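The residues making up each chain are set out below.
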Amino acid sequence: EAAVTQSPRNKVAVTGGKVTLSCNQTNNHNNMYWYRQDTGHGLRLIHYSYGAGSTEKGDIPDGYKASRPSQENFSLILELATPSQTSVYFCASGESSYEQYFGPGTRLTVL
Amino acid sequence: QQKVQQSPESLSVPEGGMASLNCTSSDRNFQYFWWYRQHSGEGPKALMSIFSDGDKKEGRFTAHLNKASLHVSLHIRDSQPSDSALYFCAASAVNTGNYKYVFGAGTRLKVIA
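Protein chains in written order, with this note's numbering: chain U, 2 to 112; chain H, 7 to 119.
FYI, nobody ran anything at the bench for these hints, they're computed from the structure.
Where hints are given, some of them may not hold.
[Stated by the list, open to error] The list that follows gives simulated cross-link-like pairs (lysine-lysine, DSBU-like), each with its CA atoms no further than 30 Å apart:
no.: 1; chain 1: H; residue 1: Lys51; chain 2: H; residue 2: Lys106
no.: 2; chain 1: H; residue 1: Lys9; chain 2: H; residue 2: Lys116
no.: 3; chain 1: U; residue 1: Lys12; chain 2: U; residue 2: Lys58
no.: 4; chain 1: H; residue 1: Lys116; chain 2: H; residue 2: Lys62
no.: 5; chain 1: H; residue 1: Lys9; chain 2: H; residue 2: Lys51
no.: 6; chain 1: H; residue 1: Lys51; chain 2: H; residue 2: Lys116
no.: 7; chain 1: H; residue 1: Lys73; chain 2: H; residue 2: Lys106
no.: 8; chain 1: H; residue 1: Lys63; chain 2: H; residue 2: Lys51
no.: 9; chain 1: H; residue 1: Lys106; chain 2: U; residue 2: Lys12
no.: 10; chain 1: U; residue 1: Lys58; chain 2: H; residue 2: Lys51
no.: 11; chain 1: H; residue 1: Lys63; chain 2: H; residue 2: Lys73
no.: 12; chain 1: U; residue 1: Lys19; chain 2: U; residue 2: Lys58
no.: 13; chain 1: H; residue 1: Lys51; chain 2: H; residue 2: Lys62
no.: 14; chain 1: H; residue 1: Lys106; chain 2: U; residue 2: Lys58
no.: 15; chain 1: U; residue 1: Lys19; chain 2: U; residue 2: Lys66
no.: 16; chain 1: U; residue 1: Lys66; chain 2: U; residue 2: Lys12
no.: 17; chain 1: H; residue 1: Lys106; chain 2: H; residue 2: Lys9
no.: 18; chain 1: H; residue 1: Lys73; chain 2: H; residue 2: Lys51
no.: 19; chain 1: H; residue 1: Lys9; chain 2: H; residue 2: Lys73
no.: 20; chain 1: U; residue 1: Lys58; chain 2: H; residue 2: Lys73
no.: 21; chain 1: H; residue 1: Lys51; chain 2: U; residue 2: Lys66
no.: 22; chain 1: H; residue 1: Lys63; chain 2: H; residue 2: Lys9
no.: 23; chain 1: U; residue 1: Lys19; chain 2: H; residue 2: Lys106
no.: 24; chain 1: U; residue 1: Lys66; chain 2: H; residue 2: Lys62
no.: 25; chain 1: H; residue 1: Lys63; chain 2: U; residue 2: Lys58
no.: 26; chain 1: H; residue 1: Lys116; chain 2: H; residue 2: Lys63
no.: 27; chain 1: H; residue 1: Lys62; chain 2: H; residue 2: Lys106
no.: 28; chain 1: H; residue 1: Lys51; chain 2: U; residue 2: Lys12
no.: 29; chain 1: U; residue 1: Lys66; chain 2: H; residue 2: Lys9
no.: 30; chain 1: H; residue 1: Lys9; chain 2: H; residue 2: Lys62
[Unchecked claim] According to the in silico footprint, chain H covers these stretches of chain U (three or more CB under 8 Å from chain H):
no.: 31; region: 10 to 17
no.: 32; region: 70 to 76
no.: 33; region: 95 to 101
Owing to the predicted nature of the structure, the values given are computational and were not obtained by experimental measurement.
Here a beta-carbon is modelled for each residue, glycine too, at the ideal position from N, C-alpha and C.
From just these sequences and the hints, can you work out the full model?
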């Protein structure tokens, strides 16, 4: 079965600090995605990638960077974390219009 | 305004009953639809897709799409307590090649035993 893993699962950060969320997939999918989930907003797309070396801005990219160093790995970077970035973050992988496979999520709290 | 709107926000049905969830897109470019289900503490998992007008049935789940009104629904018959979860509708634009989905805010379903 398709597998997407995320680390860490929980993270507490201080305002102004740097946070890196990591995602690994063993599906050999070209496309990878980062979402955040907040009550009342559903899942909102932050950044996505079509393959190693590529990153694209999603619907809410401000305050976030992404890195795709390999087919398997996709990172989300918060250079200067703010309390408004407290959320649950999900990584997903997929191909074309087929289903996306989600990881278990990372709960980030910025104090 | 969100491009994909879901209703109701929450829904309670008795075990064995029928649950009906609705989703409407405000963007005529969005014509590929997926339903995802998320149990508490987990990531969302795809339930089914629907890309053509009409009904699509998979087990106890039936999706219906009306492209003219950009409305898609999900009907769960013989609802089970294990169906209690947050359900998302996701829509994608046709022929864009970038395969991004826009998700609705979700409908929280509770099946009461």
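Would you list, in rising numerical order, the hints stated earlier that this structure does not obey? 24, 25, 31, 32
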